[in-house]
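Model the full assembly from the supplied sequences, consistent with the hints where possible.
For the record, the sequence lines run as chains A and B.
Using the numbering used here, the first residue of the first sequence is number 1, and each one after it goes up by one.
Using the numbering used here, the first residue of the second sequence is number 1, and each one after it goes up by one.
FYI, nobody ran anything at the bench for these hints, they're computed from the structure.
For clarity, every value in this text was computed on a predicted model and none was experimentally measured.
There could be a bad hint or two in this list.
Okay, derived cross-link-like pairs now, EDC-like style, lysine to aspartate or glutamate, Cα gap no bigger than 16 Å in a straight line [said to hold, decoys possible]:
id, chain 1, residue 1, chain 2, residue 2
1, A, Lys-195, A, Glu-110
2, B, Lys-28, A, Glu-256
3, A, Lys-312, B, Asp-190
4, A, Lys-37, A, Asp-9
5, A, Lys-7, B, Asp-190
Calculated from the model, a selection of chain A residues having no Cβ within reach of chain B, i.e. all distances over 12 Å [said to hold, decoys possible]:
id, residue
6, Gly-48
7, Asp-96
8, Asn-99
9, Gln-236
10, Ala-255
11, Val-268
12, Ser-269
13, Asn-270
14, Asn-301
15, Ala-307
16, Leu-331
17, Ile-334
18, Arg-358
19, Ser-360
So the derived list for chain A, only partly shown, Cβ under 10 Å to chain B, looks like this [to be verified]:
id, residue
20, Pro-20
21, His-33
22, Gly-113
23, Cys-214
24, Ala-218
25, Ala-249
26, Ile-341
27, Asp-343
28, Gln-359
Beta carbons are placed, not taken as given, at the ideal position from N, Cα and C, and that holds for glycine.
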Amino acid sequence: MSSAPRKTDIGPPHFEQFLPPVIKKNYGKWKGHEIIKPGVMVHVAASGDKLFTVRAATPRLLSIATLRLFADLADKYSGGHLRFTSRNNVEFLLSDPANVDPLIAELAREGYGVGGIGPAISNIVHTQGWVHCHSAASDASGVVKSVMDELYPYFAGTRTLPGKLRVAFACCLNMCGAVHCSDIAILGVHTHPPKINDKDVPKMCEIPSVVASCPTGAVRPATVDGASSVEVIQEQCMYCGNCFTVCPAMKMADAERDGISIWVGGKVSNARSEPKFSKLAVPFLPNNPPRWPEVVAAVSNLVTVYAAHARKFERMGEWIERIGWPQFFKLTGIPFTKYHIDDFRHAGETFRRSTHVRQSKEAET
Amino acid sequence: MSEKKRETPLLDELEKGPWPSFVKELKKEAARPMVQDLLGQLERSYEEKVGHWKHGGLVGVMGYGGGVIGRYSDLGEEFPACAEFHTMRINQPAGWFYTSTALRTIADIWDRHGSGVTNMHGSTGDIILLGTKTQELEPTFAELTEHGFDLGGSGSDMRTPSACVGPARCEWACYDTLGAVYDFTMQFQDELHRPAFPYKYKLKFAGCPNDCVASVARSDMSFIGTWRDEIQVDQEQVKAYAASGAIDVQKDVCDRCPTRCMSWDGKTLAIDDVNCVKCMHCINAMPRALAPGNDRGAAILIGAKAPIVGGALLSSVFVPFIKMEPPYEEIKELIGRIWDIWSEHGKNRERVGEFIQRIGLGNFLEQIGLDPVPEMIVAPRANPYIFYQDDVFAQPGEEA
Numbered sequence: 001m002s003s004a005p006r007k008t009d010i011g012p013p014h015f016e017q018f019l020p021p022v023i024k025k026n027y028g029k030w031k032g033h034e035i036i037k038p039g040v041m042v043h044v045a046a047s048g049d050k051l052f053t054v055r056a057a058t059p060r061l062l063s064i065a066t067l068r069l070f071a072d073l074a075d076k077y078s079g080g081h082l083r084f085t086s087r088n089n090v091e092f093l094l095s096d097p098a099n100v101d102p103l104i105a106e107l108a109r110e111g112y113g114v115g116g117i118g119p120a121i122s123n124i125v126h127t128q129g130w131v132h133c134h135s136a137a138s139d140a141s142g143v144v145k146s147v148m149d150e151l152y153p154y155f156a157g158t159r160t161l162p163g164k165l166r167v168a169f170a171c172c173l174n175m176c177g178a179v180h181c182s183d184i185a186i187l188g189v190h191t192h193p194p195k196i197n198d199k200d201v202p203k204m205c206e207i208p209s210v211v212a213s214c215p216t217g218a219v220r221p222a223t224v225d226g227a228s229s230v231e232v233i234q235e236q237c238m239y240c241g242n243c244f245t246v247c248p249a250m251k252m253a254d255a256e257r258d259g260i261s262i263w264v265g266g267k268v269s270n271a272r273s274e275p276k277f278s279k280l281a282v283p284f285l286p287n288n289p290p291r292w293p294e295v296v297a298a299v300s301n302l303v304t305v306y307a308a309h310a311r312k313f314e315r316m317g318e319w320i321e322r323i324g325w326p327q328f329f330k331l332t333g334i335p336f337t338k339y340h341i342d343d344f345r346h347a348g349e350t351f352r353r354s355t356h357v358r359q360s361k362e363a364e365t
Numbered sequence: 001m002s003e004k005k006r007e008t009p010l011l012d013e014l015e016k017g018p019w020p021s022f023v024k025e026l027k028k029e030a031a032r033p034m035v036q037d038l039l040g041q042l043e044r045s046y047e048e049k050v051g052h053w054k055h056g057g058l059v060g061v062m063g064y065g066g067g068v069i070g071r072y073s074d075l076g077e078e079f080p081a082c083a084e085f086h087t088m089r090i091n092q093p094a095g096w097f098y099t100s101t102a103l104r105t106i107a108d109i110w111d112r113h114g115s116g117v118t119n120m121h122g123s124t125g126d127i128i129l130l131g132t133k134t135q136e137l138e139p140t141f142a143e144l145t146e147h148g149f150d151l152g153g154s155g156s157d158m159r160t161p162s163a164c165v166g167p168a169r170c171e172w173a174c175y176d177t178l179g180a181v182y183d184f185t186m187q188f189q190d191e192l193h194r195p196a197f198p199y200k201y202k203l204k205f206a207g208c209p210n211d212c213v214a215s216v217a218r219s220d221m222s223f224i225g226t227w228r229d230e231i232q233v234d235q236e237q238v239k240a241y242a243a244s245g246a247i248d249v250q251k252d253v254c255d256r257c258p259t260r261c262m263s264w265d266g267k268t269l270a271i272d273d274v275n276c277v278k279c280m281h282c283i284n285a286m287p288r289a290l291a292p293g294n295d296r297g298a299a300i301l302i303g304a305k306a307p308i309v310g311g312a313l314l315s316s317v318f319v320p321f322i323k324m325e326p327p328y329e330e331i332k333e334l335i336g337r338i339w340d341i342w343s344e345h346g347k348n349r350e351r352v353g354e355f356i357q358r359i360g361l362g363n364f365l366e367q368i369g370l371d372p373v374p375e376m377i378v379a380p381r382a383n384p385y386i387f388y389q390d391d392v393f394a395q396p397g398e399e400a
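Structure representation (structure tokens):
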């Protein structure tokens, strides 16, 4: 051990030391920007200075070999300056426009394509999945890779969309990926109550905390073979996994019955309409590694139907609100089931409380 | 120690295709036994369709209660090199800006002490160093702090605050998001590193209502930039957009305005700014012609969260407008009052949004000492079950 005093609570490094000179000079004085081509934009300052941004895809999970590669590319093309985005893309911050194309070419050779700016599909915000999480109902990286391979033309700009389309993935209801306000949310789900290991409950868990953790009061104290444990009222359990979070002896993972649900129409931006939650489109699809073909097909269908029908600037949720949910289910061909009708708290708020229905013959059946 | 190369036919499938491959990333570090065994365990998950990580584990660095997520394999005997696979969360630089030197510093430290695998970045915003052993935590921490980096949050603490790119590269930033996130992070180092709350508390700083850090969905306290005066209009540029054919000013801009506060006669764009709700659509559509006004600040919203425990919430207006200027004393005092009341009365694992739902926003405001204002609601209550208190008998101007 070194004899230097141990440093604590120093906080993050101050960001200013990492800003390129053109940003330091024009901080807060940007006048406008333009998307020059897929994955490239230019910001112009009041001073007339220009900053060129090249945005490339990453899988979020990055090796240090790749961090060093990005550092080398930044040294070569952007004066050593780069940043990452809130959706896990990498951005190189260039002063010299002559470096844009050589950088793109080198990124492409290394497997990091550029795109994701403007009315496009950007990177999928996602969670850890089987790579690192204890409560995952599915893998994250593998689903994201499979879906983005399919949607790649919408990232790279070879296919365009009416508006922004934000896809997010979370591998359980904890939603570390906060998918609940995305145009398309892919969500890992458990579909059965926890399996209780009665031997481990008294050793590993505080029973009152486990009981208190359940949002529906389904967990109750119980005596099993003379020892303290808990029981779960099966029909009251909605598989949220909150008891597992506080008690490892309440295992949720189930190889055959875990799977994926798909939600649509959420947004966080205030542009035009207010931020909104994503709503259920597909209640359950199986986990089918390594390529999750059912999930890829379902997401691809949603994107294709949206692209064909939405108006310019319209987000998925705005388009659906304009045409109505019955039409959404009709156009996408997704069966409407009892699972689509909310039955948790305040469920009635999503019932139709008017006769504002676009009547059609098909609705009779 | 296992040094054996793991066969990964299922994962190999994910090396194909145009999107960058996380499997290729893992294989770039596969010379390390820890990553070789990680690949082996992950392949097993792909075969069995179930994860193989055990729940939690209390590990950390001395004097900190957060920042390290303990992780153990449930197949430790079979994959011994990744039997311990802890995560370290490192507080990111504001706006996720790096120099090549800074990035190499992180890579070098993780080369010496960990798996060589990272996430850039985690969902909350931290640099995630993915996978190391307990004995490496202190040495990694020592090297990180030596180079100016520190741990982020985990557990029931203030989580690592994050911000959009802000004035560093965005003409719409209504306040200095990067300056603010740095200031608040430094102010609350103790709350960040030593969990003492009922549950997590997240702060996110978005420069404008486009909310590129999803603060309205993901933070207990969202600082969303906005303005009070008129949208700045360059009429010549509006005409240029119209002439270019790229934008139909009537259809794409005026008709899409949520309050229909704009009109266009082919020459002049008129805006009834009193009725503008600062949604950003027209500015997004014609960035060269329009800009937020000059009287800028932020709206503070409170209470967003994901579903666990009682259902997902979006944050809602708490302070409709405040100037965002250092040293942010008024806001820091407000945060202190919220933390005091929530810490005292909040239940275990109850986020502040759920706490407010339970005790009522009106009661919460009273406790905090904020006056209720109609900007906080969409509509007044429709139900007549009112908990009256004696103050309703007070005459106008009289203390209750």
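Here's how the hints hold up against the structure:
1. Proposed proximity of Lys-195(A) and Glu-110(A) is contradicted: the alpha carbons are some 45 Å apart, above 16 Å.
2. At roughly 32 Å between alpha-carbon atoms, Lys-28(B) and Glu-256(A) are farther apart than 16 Å, so this suggested pair is violated.
3. Simply put, Lys-312(A) and Asp-190(B) have alpha-carbon atoms about 47 Å apart, too far for the 16 Å limit, and the pair is violated.
4. With a C-alpha separation of about 43 Å, the suggested pair Lys-37(A) and Asp-9(A) falls outside the 16 Å cut-off, and the hint is violated.
5. The hinted pair formed by Lys-7(A) and Asp-190(B) meets the criterion: a straight-line CA distance of about 14 Å does not exceed 16 Å.
6. Under the 12 Å C-beta cut-off, the non-interface status given to Gly-48(A) relative to chain B holds; the minimum distance is some 14 Å.
7. Residue placement check: Asp-96(A) keeps its beta carbon more than 12 Å from all beta carbons of chain B (closest about 16 Å).
8. The non-interface label for Asn-99(A) is consistent with chain B: the shortest C-beta to C-beta separation is roughly 14 Å, beyond 12 Å.
9. Every beta carbon of chain B lies more than 12 Å from that of Gln-236(A), the smallest distance being close to 15 Å; the non-interface claim holds.
10. At roughly 4 Å, the least C-beta separation between Ala-255(A) and chain B is not larger than 12 Å, which violates its mark as non-interface.
11. Distance check for Val-268(A) against chain B: the nearest CB is about 4 Å away, which does not clear 12 Å, and the non-interface claim fails.
12. Not every CB of chain B is more than 12 Å from the CB of Ser-269(A) (nearest about 5 Å), against its label as outside the interface.
13. At roughly 4 Å, the least C-beta separation between Asn-270(A) and chain B is not larger than 12 Å, which violates its mark as non-interface.
14. Every CB of chain B is more than 12 Å from the CB of Asn-301(A) (nearest about 19 Å), matching its label as outside the interface.
15. Every C-beta of chain B lies more than 12 Å from that of Ala-307(A), the closest at about 18 Å, which supports listing it as non-interface.
16. At roughly 22 Å, the least C-beta separation between Leu-331(A) and chain B is larger than 12 Å, which holds for a residue marked as non-interface.
17. Under the 12 Å C-beta cut-off, the non-interface status given to Ile-334(A) relative to chain B holds; the minimum distance is some 22 Å.
18. With a minimum CB-CB distance of about 21 Å to chain B, Arg-358(A) clears the 12 Å threshold, and the non-interface call stands.
19. Listed as outside the interface, Ser-360(A) is consistent with that label: its C-beta sits roughly 27 Å from the nearest C-beta of chain B, beyond the 12 Å cut-off.
20. This hint holds: Pro-20(A) has a C-beta 9 Å from the nearest C-beta of chain B, less than the 10 Å allowed.
21. Hint on His-33(A) holds. Least Cβ distance to chain B is approximately 6 Å, under the 10 Å limit.
22. Proximity of Gly-113(A) to chain B holds as hinted, the smallest CB-CB distance being about 6 Å (cut-off 10 Å).
23. Interface hint at Cys-214(A): satisfied, since its Cβ lies 9 Å from the closest Cβ of chain B, which is below the 10 Å cut-off.
24. Among the interface hints, the one on Ala-218(A) is violated; its C-beta lies about 13 Å from the nearest C-beta in chain B, farther than the 10 Å criterion.
25. Restraint check, Ala-249(A) versus chain B: the minimum CB separation of about 9 Å is within 10 Å; hint holds.
26. Interface hint status for Ile-341(A): violated, as the beta-carbon distance to the closest one in chain B is roughly 16 Å, over 10 Å.
27. Violation of the interface hint for Asp-343(A) is found here, the shortest Cβ-Cβ separation to chain B being roughly 12 Å, above the 10 Å cut-off.
28. For Gln-359(A), the suggested interface contact is broken, since its CB lies about 27 Å from the closest CB of chain B, more than 10 Å.
When each numbered hint is compared with the structure, violations occur for hints 1, 2, 3, 4, 10, 11, 12, 13, 24, 26, 27, 28.
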